[in-house]
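Asks: Chain residues, written in single-letter form:
Number of protein chains: 2
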Amino acid sequence: MKSLDSLFRPRSIAILGASHKPGKVGFELVKNIVEAGFQGRIYPINPKGGEILGYKVYRTLHEVEDDIDLLLIALPTKYILESIEEAGKKGVKSAVIYAAGFAEIGREDLQNELVKLVKKYGIRVIGPNCAGIIYWGSRLNASFSPVSRDGFLGLLSQSGAMTAVISEYLEFKELGLRLLVSYGNRIDVKDHEIIEYFNYSDDIRTFMIYIEGLDEGDGRRLYKAIRNSLKPIVIFKTGRGESGSRAAYSHTAALAGRYNVFRDIMFQAGAYVVDEYYELVDVAEALSIVTPPRGKEVAIVTNSGGPAVTATDKLEELGISLHTTPPDIVDKLDFLQPYMNKGNPIDLTADGNEDYYRKVLETLLENRWPDIIYVIHVPPTFINPIKIAEAVRDVYLEHNRKKTLIPLFLGRDRWRAYKVIREAGLPTPLTHISAAKTIHALIRRVKI
Amino acid sequence: MKSLDSLFRPRSIAILGASHKPGKVGFELVKNIVEAGFQGRIYPINPKGGEILGYKVYRTLHEVEDDIDLLLIALPTKYILESIEEAGKKGVKSAVIYAAGFAEIGREDLQNELVKLVKKYGIRVIGPNCAGIIYWGSRLNASFSPVSRDGFLGLLSQSGAMTAVISEYLEFKELGLRLLVSYGNRIDVKDHEIIEYFNYSDDIRTFMIYIEGLDEGDGRRLYKAIRNSLKPIVIFKTGRGESGSRAAYSHTAALAGRYNVFRDIMFQAGAYVVDEYYELVDVAEALSIVTPPRGKEVAIVTNSGGPAVTATDKLEELGISLHTTPPDIVDKLDFLQPYMNKGNPIDLTADGNEDYYRKVLETLLENRWPDIIYVIHVPPTFINPIKIAEAVRDVYLEHNRKKTLIPLFLGRDRWRAYKVIREAGLPTPLTHISAAKTIHALIRRVKI
Chain F
1250 MKSLDSLFRP
1260 RSIAILGASH
1270 KPGKVGFELV
1280 KNIVEAGFQG
1290 RIYPINPKGG
1300 EILGYKVYRT
1310 LHEVEDDIDL
1320 LLIALPTKYI
1330 LESIEEAGKK
1340 GVKSAVIYAA
1350 GFAEIGREDL
1360 QNELVKLVKK
1370 YGIRVIGPNC
1380 AGIIYWGSRL
1390 NASFSPVSRD
1400 GFLGLLSQSG
1410 AMTAVISEYL
1420 EFKELGLRLL
1430 VSYGNRIDVK
1440 DHEIIEYFNY
1450 SDDIRTFMIY
1460 IEGLDEGDGR
1470 RLYKAIRNSL
1480 KPIVIFKTGR
1490 GESGSRAAYS
1500 HTAALAGRYN
1510 VFRDIMFQAG
1520 AYVVDEYYEL
1530 VDVAEALSIV
1540 TPPRGKEVAI
1550 VTNSGGPAVT
1560 ATDKLEELGI
1570 SLHTTPPDIV
1580 DKLDFLQPYM
1590 NKGNPIDLTA
1600 DGNEDYYRKV
1610 LETLLENRWP
1620 DIIYVIHVPP
1630 TFINPIKIAE
1640 AVRDVYLEHN
1650 RKKTLIPLFL
1660 GRDRWRAYKV
1670 IREAGLPTPL
1680 THISAAKTIH
1690 ALIRRVKI
Chain L
1250 MKSLDSLFRP
1260 RSIAILGASH
1270 KPGKVGFELV
1280 KNIVEAGFQG
1290 RIYPINPKGG
1300 EILGYKVYRT
1310 LHEVEDDIDL
1320 LLIALPTKYI
1330 LESIEEAGKK
1340 GVKSAVIYAA
1350 GFAEIGREDL
1360 QNELVKLVKK
1370 YGIRVIGPNC
1380 AGIIYWGSRL
1390 NASFSPVSRD
1400 GFLGLLSQSG
1410 AMTAVISEYL
1420 EFKELGLRLL
1430 VSYGNRIDVK
1440 DHEIIEYFNY
1450 SDDIRTFMIY
1460 IEGLDEGDGR
1470 RLYKAIRNSL
1480 KPIVIFKTGR
1490 GESGSRAAYS
1500 HTAALAGRYN
1510 VFRDIMFQAG
1520 AYVVDEYYEL
1530 VDVAEALSIV
1540 TPPRGKEVAI
1550 VTNSGGPAVT
1560 ATDKLEELGI
1570 SLHTTPPDIV
1580 DKLDFLQPYM
1590 NKGNPIDLTA
1600 DGNEDYYRKV
1610 LETLLENRWP
1620 DIIYVIHVPP
1630 TFINPIKIAE
1640 AVRDVYLEHN
1650 RKKTLIPLFL
1660 GRDRWRAYKV
1670 IREAGLPTPL
1680 THISAAKTIH
1690 ALIRRVKI
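Line by line, the protein sequences give chains F and L.
Here the first sequence stands for residues 1250 to 1697, where the numbers follow our numbering.
Here the second sequence stands for residues 1250 to 1697, where the numbers follow our numbering.
One or more of the hints may lead you astray.
Note that the list lumps identical chains together, so a pair holds whenever it fits in one copy or between two copies.
Subject to a maximum C-alpha distance of 25 Å in a straight line, what follows is the list of computed DSS-like cross-link-like pairs (lysine-lysine) [said to hold, decoys possible]:
| id | residue 1 | residue 2 |
| --- | --- | --- |
| 1 | LYS1473 | LYS1581 |
| 2 | LYS1422 | LYS1668 |
| 3 | LYS1339 | LYS1327 |
| 4 | LYS1636 | LYS1273 |
| 5 | LYS1327 | LYS1591 |
| 6 | LYS1636 | LYS1270 |
| 7 | LYS1473 | LYS1368 |
| 8 | LYS1297 | LYS1338 |
| 9 | LYS1369 | LYS1581 |
| 10 | LYS1581 | LYS1480 |
Worth flagging that the hints you see were computed from the coordinates, not collected in a lab.
Keep in mind it's a predicted model, so treat the numbers as computed, not measured.
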C-alpha cells in the first residue's frame, strides 16, 4: 500500500468529534462522507455515543476494533495534539486536520509540536487550517467545500477560500472536480507527492494548483513532479510580494523578480502559469479535453472584426504570430463572398451564418493547414448563435475532432451556445485572454 | 444649435429604406425608433409608400415637407453615395450609414468619394459599417445593438461586435447604457467631439471607449478632449500589433512600444486604460458610482487569506502598497478575536460574520484612516453571503457613503450578494484584477 492510499483510497474512516447536531462541523463531515456513497467502514466518534445517520457512534477512537486508514479530526485547535497522539497509538495511517490556529496566526510553536508528533507516528496529514479532501474515485468527500459535482479536474489549493472561488466558477460552467485537496498549512503531504500519486489515475485529466508559497526544498521536488507528470498542470501563484513580512512590501522589484523566477521554472518544467482564477479553470478545462495540436500554426475564423483584432493582440502578446492563409487554402475558400476576408483572421463578416462557418471549418479540418483553429463568434441581431454553435459542434464531430479547435463565443446567449459547444468536447473560455493562454499552453506542449 | 444636436437630439428622423417586413433592417430601425418612445417627427421612406407601424411612408426623401435633422440610411452599399447626395440637396443635417463595404474591405476609393460628399454638404455622419447610435436622453434608438436598458454609462466603439460583447456583460450585471455610439469606419464624427459634446450632460457619468486605431491628428484632439472631460474615461485599446498590414506582425516589439506610448499618453490625459472587455465595464461602473477617495491609503478587510493575498499582489503590480494599520486604529479594533489579524489586510478569518464586518467597517468609516476600503468576502459553508452583503450595504448607507468602498464578493451566491451590494450604490467587480484596476484608477484621480 502506498502511503497516500490511506488518504485517498481508505478502507475505513473515523470521524473524531462527530456530532448529532446538523450544522455542526462534526455532523456535516459524517453527512458528506455518507452522502458521497463511501463504500468502506465509517466510525463516528463522540463520548456521548448513540447513533448518527444510522451509524453507531463510538465513545473513543480506541473503542473501534478495526484498523483506521483515515481519521477526520473535527475538533477545536486545543484538542489537536492529543488527538494525533491518540491516533498514533492506535496506528491510524492518515488524518485530515481542519482546525486553524497554528503557524498562520503566529503559533509556530504549536505547529512545530504538531509536526514532531506527526513524524513520530508516521501519520500522513492534510492540514491543519484546511477545507479537506474530495476524491470521487473513492466516493470520498471529507471536505466542507461546496464542490459536489464529479468531473475530470484535480485542484490542489493552499487556500480554502480559493477553492470556494474556483468552485463557484466551475459550477457556473457545469464543470466538476474529480479531486480536491485543500491543504492549508501543508505540514506533511505536499503538492509533488499528490501529483506523483495520481500520475496513473486516468480519471484526473489536468491538475490546477493554487499556491502562495513553497517550503524550503519543495520547489525542486515540485519541479521534478511536474516534469514527470503525464497530465497537464496549470498553476495560479499568488503571494508574489511575499507579504507576511511587512518589510517585504518595500522591495517589490526584487520580489517580483522572485515570482518571475518561479514562473519561468514552472514553465520550463512544463506547467502553465496563469494570473486569475477563471484563467486557471478555462485553461485546465481546455487542456483536459481538446485534441492536442500537431504543430503551431493558428488560424482565426471570425464573423466580427473587433473581437478578431483583440484575439490577434492577445496571441501576439504571448509571442504567437498569425501567418497568412496559404494560397492553396485561399483557393479552397472560393465559396466565400468577395467582401469576406480569406486572410488570417478569416473574417466572414456579419453575414457569416452557420453554412459559412461549417464550410470554412470543413476546409480547415480537411487540409494540412492550420494546426489550431480559433473560432470566434459574436452574434449580430439577425443571427442565432445557437445555430452557429450547432454547426461548429456537428462539423467538428463529423471530422472526429482531428484538429485542435478553440471556440470563443461572446455576446448575446453565449452561455447557451457554449452548452451546445460542450457537447463536442470543446472548451468554453470566458475571455480573449483565456483563449489566448489556452493556445499558448497547447503550443508549448507541441514537440517538434 | 451645435452640430451634433442633429445626431443626438434630433427633432425629426427619416429612415431611408424603411421596410414593411419585420426582420429586415429597414423595418427594425423604424421599430426601434418608435418603441424607444422618440418624441420628434418620424418619416419612413420607401418607393412603395403605404404605412409602417402607423406611420405614413413617403416615396422619396424630397416628398417629406419638413427639415430632417437625422437620416438613417438602411440601404445597401451601392446606394449610399446617391443617398448622401440626395440628403445633401435636401439639407439633411446628419446621417447614420450602417452598410459595410468601404475601406474595411479595401474599397478606400469608395470611402474617399463618400467622405468628399459628406464634407461638400457638411452632413455630420456616423458610420459607415456601424451598428448606429442610442441616446436615451432623447429616447433615441437608431441602432441594431441589443442594448436596450437605460443607464449611466456611455460607450463609444469602433467595432459593432464589441458593443455586443460589452452589452452581454452589462446585461448580466443589470447595467445599462445612456449613450451608445458604434461608429465603425468613423469617417466624420470622432471620439473627441462626442466627449466634448456630452461634457455637461450629467446623465452620462463615465465614458467607455473601445478603440482599434486613431486617424492622423486625432490623437492630439482626443488627448485634449480627455484632459478637459468632466467625466472619467476608460479605454480598451486593441489593434496593438497594428494588424491590417501583414508585415506589421513581424515587428512586434516596435509596435508594442507604440501601444505603450498610446497608453501612457492616455493615462497622462487622465483616462484609464484596461485590457479586457469586462475590465472596461467593471472599472467604468465603479468610477461612475463610488465616492471618490480623499487620499491614497487602502485597507483590505477580508474573511479569507488566499483572496486577500491575491488582492495584495494585484495592487502591488499596479504600484499600490498597503501600509500597516495605524496603532490608534488597531486599538479601536480590540473587539476582534485574538486570532483575527488587525494588520492590513484586516483578516476576520472564516469566523468573520456580519457583526464583525459591520463593526470593522464602522471603525474604518468613522476614523481618519484609510481612504479606500477594499472589502473581500468568500463565504465558508456556514456563512450566508447575503447577510454579509446586507451588513456592508447598511453600514455604508448609515455612514452616508463617506469613504470609498470597493467590494469583491466571490464564491457561492456572489451575484445574489452583489444585487444587495448594488443597493448601496457600490460596484460589483468580476475579478481581483478589476477591483485592483478600479482602485488604481481612483487613486490616479486623487489630487494631493
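Asks: Confirm or reject each hint.
Replies: Hints, one by one, checked against the model:
1. LYS1473 / LYS1581: neither (47 Å within a copy, 49 Å between copies)
2. LYS1422 / LYS1668: Classified as both: same-chain Cα gap 9 Å, cross-chain 21 Å, threshold 25 Å.
3. LYS1339 / LYS1327: Classified as within: same-chain Cα gap 20 Å, cross-chain 88 Å, threshold 25 Å.
4. LYS1636 / LYS1273: Between copies only: 19 Å across, 49 Å inside.
5. LYS1327 / LYS1591: Between copies only: 23 Å across chains, 69 Å inside a chain, cut-off 25 Å.
6. LYS1636 / LYS1270: For LYS1636 and LYS1270, the Cα distance is within 25 Å only across copies (23 Å; inside one copy 51 Å).
7. LYS1473 / LYS1368: For LYS1473 and LYS1368, only the intra-copy Cα distance (24 Å) is at most 25 Å; the inter-copy one is 68 Å.
8. LYS1297 / LYS1338: within (22 Å within a copy, 96 Å between copies)
9. LYS1369 / LYS1581: neither (71 Å within a copy, 44 Å between copies)
10. LYS1581 / LYS1480: Answer is neither; intra-copy 37 Å and inter-copy 51 Å both fail.
Against the hints set out earlier in the document, violations occur for numbers 1, 9, 10.
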